[in-house]
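As you go down the protein sequences, you meet chains Z and U in turn. Using my numbering, the first residue of the first sequence is number 84, and each one after it goes up by one. Using my numbering, the first residue of the second sequence is number 29, and each one after it goes up by one.
One or more of the hints may lead you astray.
Unchecked claim - From the structure, some residues in chain Z lie toward chain U, with a derived Cβ separation under 7 Å: (1) 123; (2) 124; (3) 192; (4) 193; (5) 213; (6) 218; (7) 220.
Read the hints as simulated data drawn from the structure, not as lab findings. It should be emphasised that the depicted structure is a prediction, and the values quoted were computed from it without experimental measurement. Ideal placement from N, C-alpha and C gives every residue a C-beta, glycine not left out.
Take a look at the letters that make up each chain.
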Amino acid sequence: MLWTFQRSRRLVSGVISLVVFAAAGVVGAWLSSGESTVVRLVALHPVVVGAVAGLASVSDVAEIEGSSPRPIEAISAAVVVALIFLGSAVSLAAVATVVSIVPAGLPFSPAWAFWMSVGAGGLGILGARLFGRSLAWVVPAGLYVPMLVTGVLRPVAEAETLGFEGTAVRFDAIPAVVAGAVALLVLGVASRWGGRRWRRGEPTSRSGPW
Amino acid sequence: MTVRLFTRWQRTLLVVAPVGATAYLYTTTVGFGDPVLWVRWGYAIQYTVLVVGPLVAGLAAWKSAQVGRGDLEAVVTSTPRPALRHLVQLAAEPTLWTWVGYAATGAVLAAVVGLRATWGGPDLEMMVSTFAAVALGSCFGTAVGYGTGRVVASPVAALASWTFVALVVDSAFDDLAPSGISLPDAFTVFHPGMDLGRALWYLAAGMALLSAAALTKNMGQPSPGERRTVWASTAVTALLGVVLVAAPVSRSIQVEPERYLCVGDPVEVCLHPAWERVAPAAAETVNRVVAPVVGLLDGPHRLTQVPRRTDDSLDDLTFRYSTGRRGFSRKRLAAIVARRLTVDGCETPVEDDPTLAVTGWLLRAAGFESDFFREMEVSPVPEEVAEAYLLRLWGSGTPDCSVVGDLPPIRPAA
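With the rest of the complex left out, here is chain Z:
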């Protein structure tokens, strides 16, 4: 039963993916003398958390589970939320390790990475609801795109040393990130498990709503 539960939601492979991507960021920091590559790898981790959460939020055998007398939907929601917090903890640990290797290299803190991953997990669940679990990653990827285009990839302009206009953007507004992350997680969970949809039968959703 437990094996079927985890296999239908790809929980083990999801956890492995979370650890592998985080390890890639840490190894990248260890090997790389440049900082931008490390930043990009570590910043990608919340998207992985979102993708894993999206995949885990829909079961391969949802119709069979729907007929189960046990309250499996509540367990399912709890497992996905726990998976999100596990992934967020991995994000936090990865960023904390990278910060110890490249002290001034990251434009964000471990706490920021943790809460971004929580928010991305919520968006992953929402993405699975909107587009199907295969395309669930599209929505949390929206968190990565602004980082790409607003300056994390870009070296700091030389004029910034004068305290004037620079091009680097820092992501340190922790209270706002915490509030946003919790809101996104609640939104994701409510979109998937809220209401009475489950009783009418959850679509197995290979290909989304169309």
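Fit chain U to the given chain Z structure using the hints.
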């Protein structure tokens, strides 16, 4: 057979909209403040591939995974046409829709730039390599999706593509990346031919990936044509990859224009012709900053914008200023020129540099002080001290760098 899994509006929403939104986001955050540069038009389009390419890879993987998963695989492999041709068709659809998005976005941006730019023209090579990079993303996604046929193919393809981007851009293999990350300025010229070479590499690599996927999943005996395609595309990919990585030319170079645009009085400010629209404001800003120095014996009579720092003669000073995402900034130009006048090639301490106080004084005298002293945590220097410093620095035949050591500390003693 054409597999139709998207409706028209969904294709529009999922492909064209992200391309347009990304381009818009890019141009408004990094963008097109004056001086508007044609070189940044191509760069803006090309840079968005770092986001859009993996997105297309994920969408293509999602679509082709449904074929590879078995629902439609029997149909594909039982038809008389080779599997490779079906995969090319599968990869073509997301590619073409994204190209439509890029062409539309590129045309709109070209109209905006064409109306305001005063120098150069569109770099179509960059557009070609952008289109080819999109095709590579689609081919990669199609190969992963069809090859694995799994639900996870889509996120795996997208995240693998972003990881590739993260690792390659700004690394030793940067010449394989679809875009660089250093914002080009007016002096930047992209090497002719490099983008075409990259485009060819992307197309060959895409074809190699599709052929490999077709061969691994083909139930029957691969045709001689498929075998030839695999070998040819793999060979071209390897050869071009080595050439691109090993080529002793960088992605771009800095080139001085044939003539400068010189304006301003009493100090003449010579700028790149692309700066024509902001030249009067730049000249006025520079003259306000240099005013305390102009009357001195060897004060500068001309300031020239250069791509990189060069040796200066005392009466012909150079400065380097490439605009950021907000375009031309009087405050930033003033800071750069003030710094240049304060230091003039002298070596200064890395920490607690006392010349910063004189820089701040020059900015205050020119009306640009703003938050300089607070942001730099520098105590204001008395006017007589700043003037004495500048007089000694600029008043003799050669810069007297020993005056740097005579300046008071920038922070009061504890």
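Going down the list of hints, with the structure as the test:
no.: 1; hint: 123; result: holds (4 Å)
no.: 2; hint: 124; result: holds (5 Å)
no.: 3; hint: 192; result: violated (20 Å)
no.: 4; hint: 193; result: violated (19 Å)
no.: 5; hint: 213; result: violated (11 Å)
no.: 6; hint: 218; result: holds (6 Å)
no.: 7; hint: 220; result: holds (4 Å)
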